[in-house]
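*Asks:* Now for the letters of each chain:
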Amino acid sequence: MSAPSAAPAAPDRGRGSPRRIAVYLAGRLLGAAASMAAVTVTAFFLFRVLPGDPVRTMTQGRAVTEAQLDELRRQYGLDKPLGEQFLDYCSGLLRLDLGVSYQYRAPVTELIAERLWPTVLLAGTGTLLAAVLGLWLGTRAAWRRGRVVDQVNTGLALTLWSVPTFWLGLLLIVVFAGTGGFPTGGMATPGVRGPAAALDVAHHMVLPVATMVAVVYAQYLMIMRSSLLTEMGSDYLVTARAKGLRDALVLRRHAVPNALLPTVTLVFLNLGQVVAGAILVETVFSWPGLGQLFYQGLRLPDLPLVQGLFVFFSAGVILMNLLADLVYPLLDPRVRV
Amino acid sequence: MAFPQAPPARRSPRGAALPVATALVLAAAALSPLPPAAAAGTGGTGDTLTIAMSQPIDSFNPFTAQLASSTAVLRLVYPTLTVPAAEDNTPTGELAESWRTSDDGLTWTFTIREGLTWSDGEALDAEDAAWTFTTMMEDPGAATANGNFVANFESVRAPDPGTLVIELSKPQATMLALDVPIVPEHVWSEVGDIAAFDNDRDLPVVGAGPFTLAAYEPNQSVTLDADEDFWRGAPGFDHLVLRYFTDQDAMVEALRGGEVSFVHNLTPAQAESLEGEPGITVNAADGKRFTGFTVNPGARTRDGEEFGDGHPALRDRTVRQAVMLAIDKEALVERVYGGYATVAEGYIPARYEDYHWRPADGERLGHDPERAREMLDEAGYEEGADGVRVSPDGDPLRFRMAVHNDRPDYVQTGRSMEEWLAEVGIAVEGDYIDSGQIGDRLNAGEYDLIFTGWTVNPDPDYVLGIHTCDALPEEPGSMRGDAYFCDEEYDEYYAAQLAEYDPAARADIVADMQRLLYTEAVVNVLVYADMLEAYRSDQISDIRTQPARGGNLWAQDGYWSWWSARPREAETEGGGLSPAVAVGAVAAVVLVGGLVLLLVLRRRGTEDERE
Numbered sequence: 001m002s003a004p005s006a007a008p009a010a011p012d013r014g015r016g017s018p019r020r021i022a023v024y025l026a027g028r029l030l031g032a033a034a035s036m037a038a039v040t041v042t043a044f045f046l047f048r049v050l051p052g053d054p055v056r057t058m059t060q061g062r063a064v065t066e067a068q069l070d071e072l073r074r075q076y077g078l079d080k081p082l083g084e085q086f087l088d089y090c091s092g093l094l095r096l097d098l099g100v101s102y103q104y105r106a107p108v109t110e111l112i113a114e115r116l117w118p119t120v121l122l123a124g125t126g127t128l129l130a131a132v133l134g135l136w137l138g139t140r141a142a143w144r145r146g147r148v149v150d151q152v153n154t155g156l157a158l159t160l161w162s163v164p165t166f167w168l169g170l171l172l173i174v175v176f177a178g179t180g181g182f183p184t185g186g187m188a189t190p191g192v193r194g195p196a197a198a199l200d201v202a203h204h205m206v207l208p209v210a211t212m213v214a215v216v217y218a219q220y221l222m223i224m225r226s227s228l229l230t231e232m233g234s235d236y237l238v239t240a241r242a243k244g245l246r247d248a249l250v251l252r253r254h255a256v257p258n259a260l261l262p263t264v265t266l267v268f269l270n271l272g273q274v275v276a277g278a279i280l281v282e283t284v285f286s287w288p289g290l291g292q293l294f295y296q297g298l299r300l301p302d303l304p305l306v307q308g309l310f311v312f313f314s315a316g317v318i319l320m321n322l323l324a325d326l327v328y329p330l331l332d333p334r335v336r337v
Numbered sequence: 001m002a003f004p005q006a007p008p009a010r011r012s013p014r015g016a017a018l019p020v021a022t023a024l025v026l027a028a029a030a031l032s033p034l035p036p037a038a039a040a041g042t043g044g045t046g047d048t049l050t051i052a053m054s055q056p057i058d059s060f061n062p063f064t065a066q067l068a069s070s071t072a073v074l075r076l077v078y079p080t081l082t083v084p085a086a087e088d089n090t091p092t093g094e095l096a097e098s099w100r101t102s103d104d105g106l107t108w109t110f111t112i113r114e115g116l117t118w119s120d121g122e123a124l125d126a127e128d129a130a131w132t133f134t135t136m137m138e139d140p141g142a143a144t145a146n147g148n149f150v151a152n153f154e155s156v157r158a159p160d161p162g163t164l165v166i167e168l169s170k171p172q173a174t175m176l177a178l179d180v181p182i183v184p185e186h187v188w189s190e191v192g193d194i195a196a197f198d199n200d201r202d203l204p205v206v207g208a209g210p211f212t213l214a215a216y217e218p219n220q221s222v223t224l225d226a227d228e229d230f231w232r233g234a235p236g237f238d239h240l241v242l243r244y245f246t247d248q249d250a251m252v253e254a255l256r257g258g259e260v261s262f263v264h265n266l267t268p269a270q271a272e273s274l275e276g277e278p279g280i281t282v283n284a285a286d287g288k289r290f291t292g293f294t295v296n297p298g299a300r301t302r303d304g305e306e307f308g309d310g311h312p313a314l315r316d317r318t319v320r321q322a323v324m325l326a327i328d329k330e331a332l333v334e335r336v337y338g339g340y341a342t343v344a345e346g347y348i349p350a351r352y353e354d355y356h357w358r359p360a361d362g363e364r365l366g367h368d369p370e371r372a373r374e375m376l377d378e379a380g381y382e383e384g385a386d387g388v389r390v391s392p393d394g395d396p397l398r399f400r401m402a403v404h405n406d407r408p409d410y411v412q413t414g415r416s417m418e419e420w421l422a423e424v425g426i427a428v429e430g431d432y433i434d435s436g437q438i439g440d441r442l443n444a445g446e447y448d449l450i451f452t453g454w455t456v457n458p459d460p461d462y463v464l465g466i467h468t469c470d471a472l473p474e475e476p477g478s479m480r481g482d483a484y485f486c487d488e489e490y491d492e493y494y495a496a497q498l499a500e501y502d503p504a505a506r507a508d509i510v511a512d513m514q515r516l517l518y519t520e521a522v523v524n525v526l527v528y529a530d531m532l533e534a535y536r537s538d539q540i541s542d543i544r545t546q547p548a549r550g551g552n553l554w555a556q557d558g559y560w561s562w563w564s565a566r567p568r569e570a571e572t573e574g575g576g577l578s579p580a581v582a583v584g585a586v587a588a589v590v591l592v593g594g595l596v597l598l599l600v601l602r603r604r605g606t607e608d609e610r611e
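From first to last, the protein sequence lines stand for chains A and B. With full-length UniProt numbering, letter number 217 in the first sequence gets 217, and the count goes up by one each step, no holes. With full-length UniProt numbering, letter number 486 in the second sequence gets 486, and the count goes up by one each step, no holes.
Hints are computed from structural coordinates only; laboratory data are not their basis. There is no bait here: all hints are sound.
Below, computed lysine to aspartate or glutamate pairings styled on DMTMM-like, alpha-carbon distance capped at 25 angstroms:
no., chain 1, residue 1, chain 2, residue 2
1, B, Lys170, A, Glu66
2, A, Lys80, B, Asp193
3, B, Lys170, B, Asp487
Taking the hints into account, I'd like the entire structure generated from these sequences.
*Replies:* Printed below as a string of structure tokens:
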């Protein structure tokens with residue numbers, strides 16, 4: 001990823017020169033690659049430090065002979081020395097093979113693929129709604145800072161932000177599920193097929209998405225509010241007003257677009273975490289996503305599963321950070337300098 | 001400075017579009033309860049019975065499945081040779097109609113029921129059983145889950161379709177408790193690597209139980225269809241749906257709302273809250289499991305190599321018995337379990353009447369701190385200045401106790417024990433830690449007291465076997481049981497009970513073994529916690545517990561509960577919307593309508609401005 005041939009021909013030191021862009025790109029890509037390598041090594045050793053013997057946990061309460069335990073260790077590859085296990089893991093990773101889960105007896109990549117869609121659906125919808133709601137309310141709060149709207153909005157958002165997710169989820173279940181007609185958990189009613197299935201999934205999404213949005217929208221609100229407040233002291237707003245523009249227009253056309261920049265970063269960071277799902281929300285609502293899978297994996301510990309998910313989640317965050325780095329110069333000319 | 005000028009013209013309409021999109025999504029979400037609302041309340045109405053399970057499925061392959069939830073499903077799908085009766089757990093015929101043993105006890109001949117078929121119409125006979133057992137003996141991968149049952153088998157053959165002959169290398173009294181699902185040879189002989197086969201792709205699965213495995217949504221649900229031609233009679237419900245819940249409280253709410261008809265694994269607080277609710281019956285079944293702790297009597301390998309750092313004073317039986325005398329088990333039942341438990345004395349839970357043992361008055365180690373103090377005084381454990389006794393060798397009686405921190409009942413029990421033992425001059429320091437760490441400490445022999453619990457099967461052989469000298473680890477760090485107990489007399493009893501084919505005589509030997517465990521006080525049981533379950537009695541009738549008195553419904557040894565359950569005739573179940581749904585829908589409509597109106601007004605304002 002080094003500088004392309006154009007570099008020596010035109011030693012342009014100005015803004016946005018191809019050479020500078022190439023250096024910028026190469027730097028970001030190298031950084032991402034280094035992070036990924038560190039994550040790979042960490043994933044393997046981190047979970048091996050966890051106490052507990054997966055074979056013992058798996059067979060807990062079952063009548064097993066030693067031969068059976070040895071057979072399980074052989075099947076899981078735990079009879080090999082640690083170094084060999086690590087090499088197997090690394091060579092598998094190069095082939096995009098994350099190993100076979102102990103408890104599900106299925107390839108980890110297959111398990112991740114199976115549960116990726118439910119997680120993206122839930123966490124993606126939640127993040128999107130939270131961002132939209134947060135930006136909108138944050139704008140209102142900043143524009144009328146110190147007034148009742150601001151105080152109520154900010155107060156409510158911060159209160160919800162500090163509420164434990166599982167508690168809020170359970171509260172929603174108690175109030176709205178069962179007698180309220182919403183399902184208490186899961187993603188679909190068994191046996192529902194065809195067009196009704198989409199509606200059924202939407203029905204199952206209402207409470208978990210509501211929980212997620214309620215807890216996280218505050219961060220978008222606060223960032224939007226504070227960055228808009230910064231913009232509101234700027235000269236160009238005074239100019240805009242002096243031109244005779246209505247307040248609402250000054251806000252929408254001038255202040256908000258500038259204030260959006262920090263929020264974009266936040267959205268990207270959170271998009272990276274979308275694949276990690278909302279472990280707590282998924283657990284409370286028995287949502288068959290990646291977060292729940294991770295939780296299941298940790299209980300054993302199901303080493304191939306948790307290390308595979310760890311690598312996958314980290315890759316998601318690293319990729320999104322990289323994207324944010326790459327997109328940012330397009331949005332904000334100042335970064336290109 | 002000029003930069004902000006460019007985008008506004010385009011941004012303005014988009015700025016309005018975003019909230020509109022949001023409003024639409026919200027509207028879709030808010031209105032969606034309407035169509036499936038009727039479906040949400042179908043936990044047990046009609047011909048489908050929905051039950052909640054709190055564990056995922058690891059595999060539907062009976063040769064490898066380990067989790068209790070998978071075993072519970074497989075018991076409904078595949079037959080076994082014999083099955084513990086619903087009434088009293090005595091072995092009764094399933095595939096096998098009758099059986100006899102040779103005089104030397106080494107040959108078991110089972111007569112297989114005639115005229116049975118697999119769900120695909122193929123004949124089910126002794127050859128399927130012979131193939132199943134033989135495969136487990138020959139392929140270590142096929143022995144993963146149930147290999148222990150065939151470890152002592154010499155050979156298995158089917159001289160004719162109605163006869164199965166099993167030759168043993170030494171007598172084995174557990175032959176009527178072989179919890180091995182028999183699979184169809186014509187399907188499974190086609191499977192290449194049995195250890196890697198999950199049996200969840202080709203549905204419905206070919207089986208021969210009261211239900212057939214019809215559909216599976218990983219991590220969500222399992223759907224079973226009733227087999228109308230099941231030889232013992234058709235099940236009461238046409239379909240059985242097992243829904244997986246990851247949250248216990250959400251599961252209880254699902255029962256309240258009628259979304260599921262059965263929940264299990266309840267906490268005492270949950271059971272109490274459900275008690276007395278109309279249409280719901282709480283079943284507090286006698287525990288299959290004992291909760292207790294073991295004392296480190298000096299960890300050692302089979303060859304006698306000592307390791308670990310157990311307190312030396314615990315090698316003295318007097319100290320171990322004094323520990324037991326200090327504990328008030330009755331208080332535990334009330335304090336920790338809210339009454340949903342029974343005081344445990346014998347190692348085998350009280351629900352197994354044939355094998356359960358109680359100490360006679362003279363040998364009982366009940367709550368008696370006074371006697372504990374006297375015993376310790378007599379044995380020379382004198383109280384030091386800080387109130388902690390010191391052994392004749394000069395070691396203060398300070399014990400480390402490892403307790404699972406993810407089990408509230410263990411934690412509360414541990415705290416009570418710290419208190420009670422302090423009263424007799426024994427200082428106990430509780431380590432409330434992760435169960436993984438508990439396993440590591442046990443393996444390393446680095447503990448003084450350690451909490452444990454086992455689920456006991458109708459045949460007690462296995463839980464008795466883990467305290468023989470054979471169960472000691474070959475090398476440090478590979479412990480199979482939960483106590484480093486090793487006693488010659490106990491081992492003799494163990495061998496004798498395994499060779500005794502007369503149930504009454506065997507029960508006597510098992511009683512002697514429990515007396516020995518009780519007196520030695522290395523393996524100590526405290527309570528048998530009730531198995532707390534609840535079901536919609538307004539949706540289910542005639543469901544059978546196992547055993548009939550004080551029995552459980554979930555995880556039975558057999559298929560009795562779900563086979564016997566029948567739909568209760570609908571009395572008042574009316575369709576349509578519940579008032580709460582209607583109120584919610586109206587509120588949502590008002591909210592969304594308001595939002596849309598607001599946006600429209602704002603857009604109009606913008607347009608005015610443009611003109």
